[in-house]
Amino acid sequence: MSAKAQRSALIVDDEALARSNLQLALADHPGWRCVGSCVNAAEARVALAEREVDLLLLDIQMPRQNGLSLAAELCRGPKPPLIVFVTAYDEHALSAFDVFALDYLLKPFDDQRFAAMLQRAEQMLKLKQGASYAESMGGFLQERASLEAGQPCPELHALVVRSVGSVERIPLDEVEWIGAAGNYVELHLPGRMVLHRSTLSALEQRVSAREFLRVHRTALVRREAIAALSVTGDSTYEATLRSGEVVPVSERYVKEVRRRFA
Amino acid sequence: MHALSAPPDAGAALLRGRRLPAWLLRMRPLLLTTLIWGFFSICMTMAVYAEALRQGRHPQLPRLLLLHLPYFLPVAVYSWCLYLIFQRQPERQLRPARLWGLYLLCLPAFVAADMCSGTAYSMWVEGAPWSGFAAALHQRMGYDLWVAMMVGTGAFTAQMAFSAWQLGQQRARAWAQAQTDNLSLRLTLLQGQLEPHFLFNTLNGISALVRASDRGAALSALSRVSELLRYALRASRAQELSVQDELQFVRDYAELQALRFGAGLRMHWQVDDAPWAAYACPPLLFQPLLENAIRHGLEARDGEGLIELRMQARQGELLLAISNEMPDGPVETPGHGLGLAATRERLQMLYGTAAGLDAGVQDGHYLVRLRMPLKELSDER
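Each protein sequence line maps, in turn, to chains A and B.
The opening residue of the first sequence carries number 1 in the numbering used here; numbering runs sequentially from there.
The opening residue of the second sequence carries number 263 in the numbering used here; numbering runs sequentially from there.
Watch out, some of these pointers could steer you wrong.
[Said to hold, decoys possible] To give a feel for the contact side, a few chain B residues facing chain A, derived at Cβ under 8 Å:
no., residue
1, P458
2, H459
3, F462
4, L465
5, N466
6, S469
7, A470
8, R473
9, E561
10, D564
11, G565
[What the hints assert, rightly or not] Here are some, though not all, of the chain B residues that point toward chain A, as calculated from beta-carbon distances under 10 Å:
no., residue
12, L461
13, L521
14, G524
Hints listed in this document are in silico derivations from the structure and should not be mistaken for laboratory results.
Every residue, glycine too, gets a C-beta built ideally from N, C-alpha and C.
Next up, chain A with everything else stripped away, as it sits in the complex (with noise of 0.2 Å):
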């Protein structure tokens, strides 16, 4: 008798060795259960219907209706599954999953990667952050249908952060400004600095551009917390923020940092 139930998951994918592939790496996790393995959207859409699945592991290249129509359907919809994107090749979608902190598998993948990405997952639903999850996975959703109808991305308001054992939802009005390390971002709050994965740039192009300014490589700051800006040598600026904080500004940006002034 196993001491906690075990997990649910649904795989839909129209290739039958993707398929098998993802019940055989799921066999090997007895935490895990396999309810249902689907061809296509139509029928993980009478299979979701039968009963309730924690994950759902979809593909999004699906003939007829594929993997990203059948989640915005969803996720409309009462209590939606944990839904996890199962892709070959997709290289726009990779930085949105992670600004929108979605959970995502690539084609082919180790059992490291899977085991991985099963934790992210087992984590999610122990912290009861469904409902969060779903929001996020509607943003992501809306910003790919914006931009396949040739308009540009929609703004962000909020940033869900992930880190080991939380869930936060960060509003953007109280980030000061934000920067780069590496995979990552560091979001600096009144007080506290946190850790999101994703690059500058990637957010640079969702955050509000009367809000944001970009002033270095490594910096994207709230235009009104710019307090001061000076000339530390041939080319190299800095801009002394409201909280005190100093941010290097690069000779291309430092003409719009001083347009603020002006």
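Got chain A; can you put chain B on it based on the hints?
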């Protein structure tokens, strides 16, 4: 292969934002030739002046210049006419036979005009009566005739050299452009062939075989993927490969697709028994057609359908026909026409009207037919 474009367009010049009329633009070279020959005139005049000074005479320089300048005007006009002639189809004019023809035609015309105008001008300057024109002309035959011939020849040679240089520049530019076009086309092809979804989905399929401990199938699939990549690499470096190679690539591609679709993919091959290895084929020409057929004849039909491929050699032509069953109802996957349009364009570029691609519905099947000339594979690849 690439036709040279028309001679450089002297037409679209703008002066302070307004378009200059064509006739005015044609005058521009005349101005240039006048300046050049005017310069020669000045040089000659200076020599004459220096000589005169040495002989103790003191002619007025400005007057001397103005006196000698009109002798060079006929040459300037001649140069200008030569320029206009050479501007029309420079390639044709520069052929040796034509050059000689032009020279033998233009030089006497120029010499005659020059002699007459020179004589007339001298007489006008000296105030001599016009009745003595013939005599004066006869008198000039000698040194002046020889000078006129040399100058005429010089002008002709100069124009010839200029045209040749211009043509060289044009050819160099056209060649560079063709290289760029070629390269970008190759890159597009390669990107199409190493199409990410196909590649990663195939690798994912192999990953599944490994998980299922199906050693044999996994190894054979890996082997096919390598063959595919090998061919793609060769394709990126060669202008043409053999039809046999291309067909093998398509077979490998089909086998890997079969891995994805399993029993759903039914392929029927009908290939003529012909020496395909001896015939040339542009690389990665057939595969996009099969890819199209699979996308619309299989993926859109929930992974189940029959695809027929037939290749024949008929009267010096290669005939390839690929047909797939039609999906019922509307499909979400767009861009059916794009793959075919690219292939059609490529065929046009390579073979002109000797090759063709047509596509349409026939008996409930979607049929794509490719026709191209059978060419022997050249030894240097």
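Right, here's what the structure says about each hint:
1. P458: holds, 4 Å
2. H459: holds, 5 Å
3. F462: holds, 4 Å
4. L465: Holds, about 5 Å.
5. N466: At about 4 Å, which falls below the 8 Å cut-off, the nearest Cβ of chain A leaves the hint on B/N466 intact, so it holds.
6. S469: holds, 4 Å
7. A470: holds, 3 Å
8. R473: holds, 4 Å
9. E561: holds, 4 Å
10. D564: The hint holds - B/D564 has a Cβ within 8 Å of chain A, the shortest such distance being about 7 Å.
11. G565: holds, 6 Å
12. L461: With Cβ-Cβ at 8 Å, under 10 Å, it holds.
13. L521: holds, 7 Å
14. G524: holds, 5 Å
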